[in-house]
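In the working numbering, the protein residues as written are 350 to 799.
In case anyone wonders, no lab produced these hints; they're calculated from the structure.
Below, simulated DSS-like cross-link-like pairs (lysine-lysine); rule was C-alpha separation at most 25 Å, straight line: (1) K723 to K656; (2) K647 to K798; (3) K656 to K644; (4) K656 to K798; (5) K650 to K557; (6) K742 to K686; (7) K578 to K647; (8) K557 to K644; (9) K647 to K382; (10) K557 to K578; (11) K619 to K637; (12) K644 to K578; (13) K647 to K557.
Computed from a prediction, not measured in an experiment: that's the story for all the values here.
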Amino acid sequence: MKGIDFTYAYSLAYIIPIYGLIILIEAYFSRDKIDDVWFYIEESCSSIISKMMSLVVTVVGINLTLLAFPDFFQSSGFLKTESLAWWHYVLIFIIIDFCGYWGHRLAHSSNIFWNDHRIHHSGEIFNYATGIRSDFISVTSIRALFLIPIYFLGFSLTDYYIILIVHATVQFWTHTEVIGRLGFLEKILVTPTSHKIHHAMNTEYIDKNFGTLLIIWDRMFGTYQASIKGVDPVVGDTRPSRSYNPLILNLHHFYRLILDAFRTNNYLDKLRIWFMPTGWRPNDVIEKYPILAIKNPKLYKEEFFYKPNNSNELRYWNFLMFSVLVGLNYFFFVYIKEIIALKPIVEFVSNPVLISIFILLCFNSLTLFMDRNKWSWAFELPQFILGMFMIYKINLLGMITTDYFLYFLILLFIYLIISFSVTIYFSIIFFGEKKEDLFYTQNSQVAYKV
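Model the full structure from these sequences, guided by the hints.
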């Protein structure tokens, strides 16, 4: 576990409102194209929650990914401390983009590498919220391996991070349908038009357009695909998880791999399933435990997109809880230095880590509630207990030093009571028998068994 990244946390105080504003502006200009407003809102909320969870674990250092490599290379003396000429930055940017292409391509090529990237492709709308949808539990982080050669080029760690952040930010703009075709730029850059094809589940578009900033790599290595007349790109995963919960979206593929490896009777298949092309399953497992894969994306888009049968009142409630939790998460980032300076709430865990666990429980409970999942109480109960325990300990330790802190704790107490009551009531009374999902019961025209 790494230490608290205060610089990153403070930067989020500015970045989150900017991204939020961009997402709202996009939604405004997309209003005429949105057929189902609540579907758009709930999908976007799920994407934003996945990103917030990813930010939480990154800020507090609960992040065992290969992005720790820069620290090693700096301590080893490979990375320099002085800044370079401007053209070095351009060169490094291009090299990062080239390495990003191959890392991205590999992430699509094998079962084991697909897991971490799959959540980004699970969104069933193509907007800026989907653009920030990301994993918060990295199983392999294979794409980071492709950045290793860059560390030998001789530039400072600060420069490396700046370039990497700029490169990642530039990729965000390609996730929208508001921007149309961009003429000659389509031949050079990854644009919203070409990147939507990458996100599409249509057979004609799968595993195409891997470029992150420059589309020239796809043109050079034979993975470029232009839009085909009469084949409308339908974004999403061909084997959908049918959930808004980031934990399920993040680990669904990995869970299936574990099950298949356990269930197959072929010992060779138990090993090679991890390294076979994405989606491969042992024959004996397919026969005994088939799963559904979409064969008709157009029909799936028209009739089977994931839309839990919640009332509008319940949807308003979900959106209210989403807003409260995002606000709580933002408060955590802004005041993280003050939080860590307080007396430890418990001796063996730092305050930021304890609060992070609380926030992750909150987000998981809410998204399962959005799914109408009867097990949402399994996250709500520990969330309630942990929240009440923190309030009790804060009061017991005499940590309430300002009226604002007192008012915040009162509001948190009210939130815990109301959230716990509503979640327990609905999960036991109304979600006991989950309503029929037509994708699993009337799927002969839209899906096949694999």
